[in-house]
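Student: Chain residues, written in single-letter form:
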Amino acid sequence: MSTEFLFLQLLQNESGTILYQGIVSTLQLTLLAGCLAFSIGAILATIRAAGQPITVRFVAGYVAYHRNVPLLVQILFWYFGITALLPAPVQSWLNQHGGAFLSGAVAIGLCMAAYVSEDLRSGMRAISTGQLQAARALGLSFIQAMCYVIIPQALRHAIPSLVNEMLLLLKNTSLLMAIGVAELTYATRQIEGQTFRTFEIFAIATLCYLTMSFCIMFSGRALERHFKMARR
Amino acid sequence: MYNIKKYSLAIVAATGIFATQAVFADQLDDVKKRGTLICGTLGTSEPFSFADQATREIKGYDVDFCKAIADSLGVKTELKLLAVEARIPELSQGRVDIVIANLGYTPQRAEQIDYSHQYFVSQQKIMTRTADGYKSINDLGGKQVSAPKGSTSETAVIKKVPTAKVVTFQDPPTAFMALVQNKVEAFALSELTLIKFKDQVADKVKMTILPESMMAEAWGVGVKKGEVSMLKAVNEKLSAMEKNGDATNIFKKWLGSDSPYKAPREFVIAPIQG
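Heads up: the protein sequence lines correspond to chains A and B, in order. 1 is the number of the first residue of the first sequence in our numbering; add one for each residue after it. 1001 is the number of the first residue of the second sequence in our numbering; add one for each residue after it.
Just so you know, the hints here were simulated from the structure itself, not pulled from any lab data. Errors might be hidden in some of the hints.
Unchecked claim - When the alpha-carbon atoms are kept at most 30 Å apart in a straight line, the in silico DSSO-like pairs for lysine-lysine are as follows:
#1 B:Lys1262 to B:Lys1080
#2 B:Lys1196 to B:Lys1232
#3 B:Lys1076 to B:Lys1033
#4 B:Lys1076 to B:Lys1149
#5 A:Lys171 to B:Lys1165
#6 B:Lys1149 to A:Lys171
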């Protein structure tokens, strides 16, 4: 009873507002970075499947960089490094329109794209090459064959690992605290600094993350059931 | 097991003896008899207490106050270097006579030790890019201000400029970087550290430190709790130094016009308002 009371009390006044804004920010980041990761990941996987030696090398290099450099380093590099190279008007526009948020989302999105492309690649390997050849023989172009025949099937195979990447992506948004993006973890630390109620606020943050993760997990399950393929 | 018991008994007995001695002996008399004042100082905090690169001698603003107080008692100065977290324990256990070591006043600390009059006041200020033309901290309403996470500076901005948006970073250099790269409009920190940062980039970006202080932290000389005569002697000396200009000269030498900091002296030696 008393702890319940404390938890509720903590969420009143400005702490509640800070936390709410943190949750909204985390969701926005997850959505934005997720869209980036999936679209770029699909493009990368397609390029790799096309099999041109130079582009395959490029994709392999892209994946190697994003998987082997710590994400925190990539985030700091985007925020303090790459944005500093942009022309001054672009920089000042960015700084006035949440540059930390955007560069953070881009850093996470590009990094997770590497993982998504690998997931899709392994999904494609589950589909026999005969299907691509058959699609081409029926007169579809390579892109058409990929979009209508291969990728939809590859996606089904890849759903479990894609859900995994989505969960990772959600948790990785907490790293953006380092560049001052007021997402959920930043908000938690801020409330902790103001109230010194460490246990309560971290317990609340844990619950929030768990709720979001479970939503992703359950939608993943539902997708899997929906697309369940007939056993071969 | 038996040994442990024996030792702990001995320790208890010894503590008892020391405790009784402390009640009767007056620390000030001890210092005069011994002929040296053991002064605890940091040794790692330029320009307050740091090693001279050529002579390895410890010098600085805090050290000059150690020497002045020892002189007034007619004894020699013995400096003892302390870690930040050891300042209060070493003083409470009587291993140093006084502590002059960046010791900011807090009510919690004042329960464990006695504070002399303030001999320095550290100011929390705000730095902006000169080109932006900010003149006062009140111009920063609605603007982004960077500060280290969980620091006094963060609290100070929230209190003094509540409409500003504080963005916190892991450490001071990162928060400063955000200002240099135009990612925020202002950066809050203690004045002396701000001056250091300002000089580091002086040839690339011109920075201005806004004159108003957001919060002041009074530093005092730490004296062991209950050593009334020692505290009185220290306070008398500090007040005398304020009157005859010695304190101003020490400030000028290490922090003011004769130093690289060129900081203004915006306080006088006086009892700390707790």
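Student: Please verify whether Lys1076 (chain B) and Lys1149 (chain B) have alpha carbons no more than 30 Å apart.
Tutor: 42 Å, violated
Student: Within a Cα-Cα threshold of 30 Å, do Lys1149 (chain B) and Lys171 (chain A) meet the stated pairing?
Tutor: 21 Å, holds
Student: Straight-line Cα separation of Lys171 (chain A) and Lys1165 (chain B) no greater than 30 Å?
Tutor: Distance of about 25 Å is within 30 Å: holds.
Student: Just to be careful, I want the Cα atoms of Lys1196 (chain B) and Lys1232 (chain B) compared with a cutoff of 30 Å; is the pair within it?
Tutor: It is violated: about 36 Å lies between the C-alpha atoms, which goes past 30 Å.
Student: Taking 30 Å as the top limit, are the C-alpha atoms of Lys1262 (chain B) and Lys1080 (chain B) close enough?
Tutor: With Cα atoms ~29 Å apart, Lys1262 (chain B) and Lys1080 (chain B) stay inside 30 Å; holds.
Student: Hey, Lys1076 (chain B) versus Lys1033 (chain B), does the alpha-carbon distance stay inside 30 Å?
Tutor: OK: Lys1076 (chain B) and Lys1033 (chain B) at ~11 Å, within 30 Å.
Comparing the model with each numbered hint stated earlier shows that hints 2, 4 do not hold.
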